[in-house]
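The listed protein sequences derive, respectively, from chains A and B. So this note's numbering is basically just the index in the first sequence, starting at one, shifted up by 36. So this note's numbering is basically just the index in the second sequence, starting at one, shifted up by 15.
Keep in mind the hints are simulated off the structure, nothing from the lab. Since the model is a prediction, treat every value here as computed from it, not as a measurement. One or more hints might be untrue.
[Stated by the list, open to error] No more than 20 Å apart at the CA atoms, straight line, and that leaves these computed lysine to aspartate or glutamate pairs for EDC-like: (1) A:LYS148 to B:GLU186; (2) B:LYS198 to A:ASP124; (3) A:LYS157 to B:ASP180; (4) B:LYS96 to A:GLU113; (5) A:LYS148 to B:ASP209; (6) B:LYS199 to A:GLU113; (7) B:LYS199 to A:GLU266; (8) A:LYS181 to B:ASP209; (9) B:LYS198 to A:GLU113; (10) A:LYS158 to B:GLU186.
[Unchecked claim] Across the chosen pairs, the derived CB separations fall in these ranges: (11) B:GLY240 to A:LYS148: 42 to 48 Å; (12) A:GLY187 to B:LEU315: 26 to 32 Å; (13) A:LYS202 to B:GLU131: 56 to 62 Å.
[As the list claims (entries may be wrong)] Just a sample of chain A residues kept apart from chain B, beta carbon distances all over 12 Å, derived: (14) LYS41; (15) ASN62; (16) SER89; (17) THR134; (18) ARG145; (19) ALA198; (20) GLN221; (21) GLU225; (22) LEU226; (23) GLU232.
Glycine included, every Cβ here is placed at the ideal spot set by N, Cα and C.
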Amino acid sequence: MLTLKQITKAFNEGTLDEKVALKHINLTLEPGDFVTIIGSNGAGKSTLMNIISGRLTPDTGEVIIKGENVTNMSEHERARYIGRVFQDPMAGTAPNMTIEENLALAYNRTMKRTLRFGVTKKRREFFKETLQTLQLGLENRLNAKVGLLSGGERQALSLLIATFTKPHLLLLDEHTAALDPARAQLITELTKQIVEKERLTTLMVTHNMEQALQLGNRLIMMDRGQIIFEASGKEKEKLTVEKLLQEFQRIRGSQFASDRAVLV
Amino acid sequence: MLTALFSSVEAGLLYAIMALGVYLSFRILDFPDLTVDGSFVTGAAVASVLIVNGTNPFLASFAALLAGFLAGCATGLLHTKGKINPLLSGILMMIALYSINLRIMGKPNVPLLQQETVVTIISDWWKGIGVDQALANIIPSFVPKTWAIVIVMFLFVIVLKMLIDLFLKTEIGLALRATGDNKKMIASFSGNTDQLTIVGLGISNALVAFSGALIAQYSGFSDIGMGIGMIVIGLASVIIGEALFGARTIARATFAVIGGAIVYRIVITLALRIQFLETGDVKLITAFIVIMALILPQFLSARMEKRRKLQAEKRGESVANSQTDYKSV
Ligand SMILES: Nc1ncnc2c1ncn2[C@@H]1O[C@H](COP(=O)(O)OP(=O)(O)OP(=O)(O)O)[C@@H](O)[C@H]1O
Ligand SMILES: [Mg+2]
Numbered sequence: 037m038l039t040l041k042q043i044t045k046a047f048n049e050g051t052l053d054e055k056v057a058l059k060h061i062n063l064t065l066e067p068g069d070f071v072t073i074i075g076s077n078g079a080g081k082s083t084l085m086n087i088i089s090g091r092l093t094p095d096t097g098e099v100i101i102k103g104e105n106v107t108n109m110s111e112h113e114r115a116r117y118i119g120r121v122f123q124d125p126m127a128g129t130a131p132n133m134t135i136e137e138n139l140a141l142a143y144n145r146t147m148k149r150t151l152r153f154g155v156t157k158k159r160r161e162f163f164k165e166t167l168q169t170l171q172l173g174l175e176n177r178l179n180a181k182v183g184l185l186s187g188g189e190r191q192a193l194s195l196l197i198a199t200f201t202k203p204h205l206l207l208l209d210e211h212t213a214a215l216d217p218a219r220a221q222l223i224t225e226l227t228k229q230i231v232e233k234e235r236l237t238t239l240m241v242t243h244n245m246e247q248a249l250q251l252g253n254r255l256i257m258m259d260r261g262q263i264i265f266e267a268s269g270k271e272k273e274k275l276t277v278e279k280l281l282q283e284f285q286r287i288r289g290s291q292f293a294s295d296r297a298v299l300v
Numbered sequence: 016m017l018t019a020l021f022s023s024v025e026a027g028l029l030y031a032i033m034a035l036g037v038y039l040s041f042r043i044l045d046f047p048d049l050t051v052d053g054s055f056v057t058g059a060a061v062a063s064v065l066i067v068n069g070t071n072p073f074l075a076s077f078a079a080l081l082a083g084f085l086a087g088c089a090t091g092l093l094h095t096k097g098k099i100n101p102l103l104s105g106i107l108m109m110i111a112l113y114s115i116n117l118r119i120m121g122k123p124n125v126p127l128l129q130q131e132t133v134v135t136i137i138s139d140w141w142k143g144i145g146v147d148q149a150l151a152n153i154i155p156s157f158v159p160k161t162w163a164i165v166i167v168m169f170l171f172v173i174v175l176k177m178l179i180d181l182f183l184k185t186e187i188g189l190a191l192r193a194t195g196d197n198k199k200m201i202a203s204f205s206g207n208t209d210q211l212t213i214v215g216l217g218i219s220n221a222l223v224a225f226s227g228a229l230i231a232q233y234s235g236f237s238d239i240g241m242g243i244g245m246i247v248i249g250l251a252s253v254i255i256g257e258a259l260f261g262a263r264t265i266a267r268a269t270f271a272v273i274g275g276a277i278v279y280r281i282v283i284t285l286a287l288r289i290q291f292l293e294t295g296d297v298k299l300i301t302a303f304i305v306i307m308a309l310i311l312p313q314f315l316s317a318r319m320e321k322r323r324k325l326q327a328e329k330r331g332e333s334v335a336n337s338q339t340d341y342k343s344v
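Excised from the complex, chain B in its bound form (with noise of 0.2 Å):
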């Protein structure tokens, strides 16, 4: 039990990276795009067959996280030149992804068992410095295969997301949150809201390519399915992490994201623990923990809304009540 809920903080930090991406595009654009579900699989393709072919994996990293951003920068000048709505751009370029990932793998499935990976290589520098050990001796009761991919992941994703918070606090960044808050206003203030929209998408799916290398290294292959329904995982993870830890400011926003990812993992894992749930319901399950994280706040608010509504009549009636007696008198 306690060794699935530490791989599943494992897999969180990961998704943690894709979900970053999907807040850029879905809150700070304000542009639901579906590109997600081809450009994780580009990122995990891409990584892969470069590795596969020798290449050192950190560069093979960095080579997917730029597919990414080209496959991202594709589907903004479909939406800013082409005028094709946001959801369609995003479709058409998840669907044309489909086929270039599988023409850059040559088959549906590349497997990285035997091969160094970024996992790889960080678990043996971390052996090198036993810091496990030491940790083994403090919790003895719980003792994990590697702590490394768990704190050296957690320390990348929290730099990360420093990183993301401050560029959107720079002047590029600004105009890019004010392309999706108010694109008349941004525009009637020299900003090319264009170009803004084209490089917020590139930057937001060259994150989720990165993610996507950074699984199939993980996990040990990349598969032409594995970015079904990813859109909904990084949006459940957004809205799930808003919802339990507030989306105030942007550094709280991220921080939330990264927790949603988290939790999200979590979740599912003990879900599957569930005897009458398969591995293939996790879509479901998923959909289903969408949903209510978008219905539970709307009906909780409407009763709250009701019950107000009601005291208030309450108070209303006695009100009038108190007059008939004041006149019977």
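Chain A on its own, in the form it takes in the complex (with noise of 0.2 Å):
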């Protein structure tokens, strides 16, 4: 389903800044993977995320979709094959615009638009059922615009529009991590119900490692823009959080360095 090719990326290339963000990362996804991604800060996955999604492109390498080469195709022609969701709960939807224009814009990701009309009769219906499937309540608030709603409300509806147009590929970054504990939760929830329902293949940025080893059937290791460790099946679900720790200071000799990776 997704290929990637020896993938290098470097920030301010020949300055004192000079940043090696990936170093010839090599990753293939099979069609209904769920892969989670952890790593300390600065490893390179929001990197990652963004050349696979065409926001960055690679300086060296090739990202493959289904077969298609799409390194040099523009983050918005890639889009018909990528669902997304942010880290900002801001992010993923319009918020001055409604909770029905919303879904109608993300109704029209895989269509060319039109001068039809966005939301007819027959989507709104659609959009309702989608909706009820949250269990938030917002089928009622069908007119309320975005901006009102909470950041779990709104993170919750940027998951749903970034999926029920059945993408190829689902990247999610760090999609909990903005949110209180309650609501996290009620978004990894979501994020599996979703997941496992239309069996959408996935890559999960995350810095909650309960989380990475509950969710998915692969789990990899960024450090320093490499790919350090892997594990998939049957050895994933063995994993603990200590394994992953002690694997990590194996690899690296280092204690984990992010403050971030909170043992949950």
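Mind assembling these two chains? They're in different frames, but the hints should get you there.
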């Protein structure tokens, strides 16, 4: 479904501030794979996500989605294949537009936009049904502006609109990090449900190791621009937070450097 | 006095089309577009020159609209493809259009006095249907030269407003609004934000140029300087309108913008009746109105906040006092 070949990315090349964010990353995702990514601050996780989504272009290497080389395809063209939820709950929705208008915007992800109405009677019914799955009562507030929703509600909506058109690939970059524990739990639960139901191929960055172990069938640990550890299937199921930390120390010979890598 | 107010309503309706254009760029796209000062004159220039050369005035006005569209697209290109910041893109286009407008007109001023224009055509047609006589019987106390412009333009502007409202509900219209609201978001949903910005600015300046074309025909000339400060007038209309009439929904906001454009004209007309002020002071008054419209709401809400806190503090004090009372007892 997704293949990354020899991806390298450096920022501020040739200056004093040069920073190699990714070094020769190779990664292949099979359809239905749910990969969680952990790693310390600055490991290159977000950079990797941005290269897959097309916001950044790699210095070398190729991004292949569904057999198509999309390395030089613009972000908005690539969005046909990709659903995304960002860390910032404000980032995934348009605050001054209504809930149903946001759904309509997302509904058009895979098709050409025309001069037909974005919200039709038929679509509104569909939007309502879709919103019901969140069980937040948003289906009764179709005409409320999204900016009025709480952070948790907005993030739930972001997740829903990123996934209800069944993207080939779902990218989640710390999408629960800005929420309080209860709401983070809600979004984690929703993520699990949606990904399982739609069998979405998913990449999820998280700083919560417990969450990374709970969710998905594969786990990747990144550090200093490289994938330093990988586990999948049975091997991943057997992992614990302690084992992960030991693994990291064994490979890097240093304490896990992230102050945010909380042991929940 | 009444006649002066009446013609300020007439002009207000014509300028409302420009204000709707400014609303599209300033509010919908969140792009402070200074192209307006140039594209307004471009519209006037194209229409006047075509009319003087015998083109049908309606066709000439439509050509003005297209010219404005191109000017707006050019600004959009500067910003999106040239990566120039929005204000600078607009200023560059505005200054470039000054020369282009001079080229179009061939001289700084093109009079339209003896020409057949959209305004004369509508007025002549209006005389034929005899509504003015009927209205004169109903309202004998006030008989203007003609009701034609006010009534026809009112209907036209309302239709235009409804078309804009509908457009902003289409799939493309929603994407346009999202471009101004959250670029990152609409890009992640396949929205080509560059293209949307370019087209949005095109439509905005098409309206501005069309308004310029109508103003030229209404006032009987086009002049190279007639666009100076036009963006501020547009902003004044948008801001005054929103403050007076609200902007909760799109339909409400576009209505407010039209209202704002008319109110602005009336305010200027009234201001100029003050002995001390001269015609040349109009721009100063405009700037003053916009500054007031921007500052007053902040000032008022700050005062409300202060009063609220003061009251809360007083309540807190009385609670504290009652506690000491309690202890002393
Ligand atoms: N636009 C940029 N310009 C310069 N350096 C950048 C840029 N974006 C990222 N970097 C650098 O690249 C490295 C990787 O950053 P990235 O955001 O991918 O880390 P991350 O793994 O997502 O970290 P975090 O857990 O803090 O989100 C960091 O050292 C960062 O400072
Ligand atoms: Mg990150």
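Against the structure, the hints come out as follows:
Distance hint between LYS148 of chain A and GLU186 of chain B is fulfilled; the C-alpha atoms sit about 9 Å from each other, no more than 20 Å. With a C-alpha separation of about 14 Å, the suggested pairing of LYS198 of chain B with ASP124 of chain A holds against the 20 Å cut-off. Of the pairs offered as hints, the one joining LYS157 of chain A and ASP180 of chain B holds, with about 18 Å between alpha carbons and a cut-off of 20 Å not exceeded. For the hint pairing LYS96 of chain B with GLU113 of chain A, the CA-to-CA distance comes to about 17 Å; that is within 20 Å, so the pair holds.
Proposed proximity of LYS148 of chain A and ASP209 of chain B is supported: the alpha carbons are some 16 Å apart, at most 20 Å. A C-alpha spacing of about 14 Å is found between LYS199 of chain B and GLU113 of chain A, which places the hinted pair at or below 20 Å, so the restraint holds. Taking the CA atoms of LYS199 of chain B and GLU266 of chain A, the gap is near 31 Å; set against the 20 Å cutoff, the hint is violated. For the hint linking LYS181 of chain A to ASP209 of chain B, the alpha-carbon distance of about 25 Å lies beyond 20 Å, and the restraint is violated.
The hinted pair formed by LYS198 of chain B and GLU113 of chain A meets the criterion: a straight-line CA distance of about 15 Å does not exceed 20 Å. For the given pair, LYS158 of chain A sits about 15 Å from GLU186 of chain B by alpha-carbon distance, which is consistent with the 20 Å threshold. The hinted window of 42 to 48 Å between GLY240 of chain B and LYS148 of chain A holds, with their beta carbons roughly 44 Å apart. About 29 Å separates the C-beta atoms of GLY187 of chain A and LEU315 of chain B, a value consistent with the hinted range of 26 to 32 Å.
Remark: the range hint 56 to 62 Å for LYS202 of chain A to GLU131 of chain B is upheld by a beta-carbon distance near 60 Å. Taking the minimum C-beta to C-beta distance to chain B, about 24 Å, the non-interface status of LYS41 of chain A holds against the 12 Å cut. With 12 Å as the threshold on Cβ separation, the claim that ASN62 of chain A sits away from chain B holds: the shortest Cβ distance comes to roughly 25 Å. At roughly 7 Å from the closest C-beta of chain B, the C-beta of SER89 of chain A falls inside 12 Å, breaking its exclusion from the interface.
Remark: the non-interface label on THR134 of chain A conflicts with the geometry, its nearest Cβ contact in chain B lying 9 Å away (cut-off 12 Å). Chain B draws ARG145 of chain A into its interface by the beta-carbon criterion, the shortest separation being 5 Å against a cut-off of 12 Å. Distance check on ALA198 of chain A: its Cβ comes as close as 8 Å (rounded) to a Cβ of chain B, failing to clear the 12 Å threshold; non-interface status is violated. Separation of GLN221 of chain A from chain B is adequate, the least Cβ-Cβ distance of about 25 Å exceeding the 12 Å criterion.
Even its closest Cβ contact with chain B, about 23 Å, leaves GLU225 of chain A beyond 12 Å, as expected for a residue assigned away from the interface. The Cβ of LEU226 of chain A sits about 19 Å from the closest Cβ of chain B, beyond the 12 Å cut-off, so the non-interface label holds. A cut-off of 12 Å between C-beta atoms confirms that GLU232 of chain A is not in contact with chain B; the least separation is 23 Å.
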